[in-house]
Amino acid sequence: MPTLNLLQAVNDALRLEMRRDNRVVVMGEDVGKFGGVFRATAGLYEEFGPERVIDTPLAEGGIIGTAIGMALYGLKPVPEIQFSDFIYPAFDQIVSELAKMRYRSAGQYTAPVVIRTPFGGGIKGGLYHSQSPEALFIHQAGLRVVAPSNPYDAKGLLLAALRQNDPVIFFEPKRVYRAAKGEVPEGDYEVPLGEASVMREGDQLTVIAYGAMVHEASQAVEEAASQGIGCELIDLRTLWPLDIDTLVASVQKTGRAVIVHEAPRTCGLGGEIAALLQERCFVNLEAPIRRVTGWDTPFPYTLDEEYLPLAPRILQGIEDTARYVA
Amino acid sequence: MAPANRALQLASSSRKKSSNKKTTVARQSGAMSAHPLLHTQGLLECYRAMLRIRTLDERMMTLQRQGRIGFYGACTGQEAACIGSAYALRANDWVFPALREGGAMLLRGFALVPYIAQVFGNSGDITKGRQMPSHQAAASVHQVSWSSVIGTQLSQAVGAAWAAKLKKDDTVVMAYLGDGATSSNDFHVAMNFAGVFKAPVVFVCQNNHWSISVPTDHQTASESIAIKAVAYGLPGVKVDGNDVSAVYAAVAAAVERARRGQGATLVELETYRMGAHSSSDDPSRYRDPAEVEAWKKKDPVERLRSRLFALNAWNSAQDKALQAELLEEVNTAIKEAESLPPPSIATLFEDVYQGEPWHLKEQRAELLESIKRHGR
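Chains as they are written, first to last, in my numbering: chain A, 32 to 357; chain B, 1270 to 1645.
Just so you know, the hints here were simulated from the structure itself, not pulled from any lab data.
The beta-carbon is built from N, C-alpha and C at its ideal position, and this holds for glycine as well.
Check each hint, because a few of them may be wrong.
Footprint (simulated), chain B over chain A, 3 or more residues, beta carbon under 8 Å [stated by the list, open to error]:
(1) 82-90
(2) 120-132
(3) 191-203
Covered, in the sense of this in silico footprint (three residues per stretch, anywhere, with C-beta under 8 Å from a C-beta of chain A), are these stretches of chain B [unchecked claim]:
(4) 1397-1403
(5) 1420-1430
(6) 1460-1469
(7) 1617-1623
Build out the structure end to end from the sequences listed, making use of the hints.
Dropping the structure here:
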């Protein structure tokens, strides 16, 4: 089985599906001849030509608006928003149009657009190449939101996303685009949307993370184990609709939970998960649910490591939560 | 040279090679009696469709005043623009409408009862009462669902047209907009993408001179809307939108140009919103009654009727009979549509996703339990 990095896995999925299904088109800024600023679409232009690998004018609203129209007409567009920080000009199209198309037409029209976009910090990108806006999209009824952490899941989730009929915002963790390597099967397989992955079992505390922070959480969990704290680590993979059963089963077992994300804390996904867990696991909880997140500030250029919820801060959250006595 | 003519000149010069009677007609808006495209039969069909939506709109505005419906956006004064443009389409062509193009889907065969049921938002509405009145959509006649957001449909139309081109279909996509929408960012991106993609799309701007209370000269400093097309490398055409023949000729030329693979056109139809923006609006607060009176003399329905009379293709006895027939049809349809029950409560949670995720199942159960315990 070949070892790929996360970018190569995304590229592999796109190529595979474009060969299998001629309705799939890739579009965005610099995705064609150049193969994307991160090279996620490298080689696709050469293989599938300019009609299916489309270099668009520089307007995110236009990219998503035209992608919606293509999907309405029966194509499977995969627009790339170069950085998720630049998705806001398309926010109106995503929120007002894409998310609501099925509902407002009572299923007559659907727009299964899969929007790929790199998210998160850690590449020295400052305010506008680092953001994690996933909660804004989770808040919109009608969207599926996905964020893989590793190459195997990236390929399998992207293939699954391309084969279902709802719009998907597919957040790719650019901090680990090249650093995350792993064995990826050649050919076809899917990782179903809506299923979390239990990466490590433990019975004292549940750590919930996604995207690049899974790798930080994994380090923190290792450290915690050396202190004798046995953590269960869950990679959400699909952020919405999320795998509530796996989360509830874990917290019913451990009674303690730490939720990790790069996005700012207030109104972040961590708050929603904490609410869901207290509704379902109230009698099992032995400590307040802890959120270890990005701060409620814009994303800083120089102090980016201090902004991010890296392993040391996650470990602190684990320690405090594990030792909490009511 | 008048601004309108200059835009036409620009438009026609880009079509020099295919110069024929069609473009001549488009350039001579207002002097159409002998044009080759819309023969008497076509004029009669358009007249019937125009009178039908005039009749429907009048009845619906009355219903709104009686409190039987919540909202309505009438097409009154713009029937030639709506019908004349839609008449240029084939059955397989697509329409991305704005507020005043419901008449297009009626012209293209959508039934009146479900159309009116949408206004009531009841179980007869094929969109399950989800949207405000005058937001109809029907895949059966390729009238795409639209939001109340101004301009967003335009880039979608470009995408659909691009998809049709990619699939090698001969579908043309028509995207409607008002004069206010030309100020939106989506108008700019759609025109720009359409130019770059050479997409088979026709933008039809119903310039009715008012965006709720704001006149067109507060939307743009351009000498016309049509001339904006030039900057995007597209032809722009401006015609008398209250002359159904002029509308048809200009739009049909643009549609055929798109179908031949020559790309997009912006057609500006100069017309007038004779009534309010919607049932929630009071134009007497911002509009000079003299302006309204002046435009009433150009009423597109009356103009076409006079013309048909002059052609000896129609007479007042026939006209009275048709008016009675259409009123009867509309009243019967209203009666049937109004009698239908509301959508079932469970439909509230349908069609958010394909299938029903766990959280919507939970929320549906919570609502049904609340209704069981405490009523609606």
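Hint-by-hint comparison with the structure:
Counting residues of the region 82-90 of chain A whose CB lies closer than 8 Å to any CB of chain B gives 5, which reaches the minimum of 3, so the coverage claim holds. Residues of the region 120-132 of chain A lying with their CB closer than 8 Å to a CB of chain B number 7, which satisfies the three-residue condition for coverage. With 3 residues having a Cβ less than 8 Å from any Cβ of chain B, the region 191-203 of chain A passes the three-residue criterion, so the hint holds. Counting residues of the region 1397-1403 of chain B whose CB lies closer than 8 Å to any CB of chain A gives 3, so the stated coverage by that chain holds, three being the minimum.
Beta-carbon proximity to chain A at under 8 Å applies to 9 residues in the region 1420-1430 of chain B; the threshold of 3 is reached and the given coverage holds. Coverage of the region 1460-1469 of chain B by chain A holds in this model, with 4 residues showing a Cβ closer than 8 Å to a Cβ of that chain against a need of three. Chain A is given as covering the region 1617-1623 of chain B, and this holds because 5 residues of the stretch bring a CB closer than 8 Å to a CB of that chain, at least three being needed.
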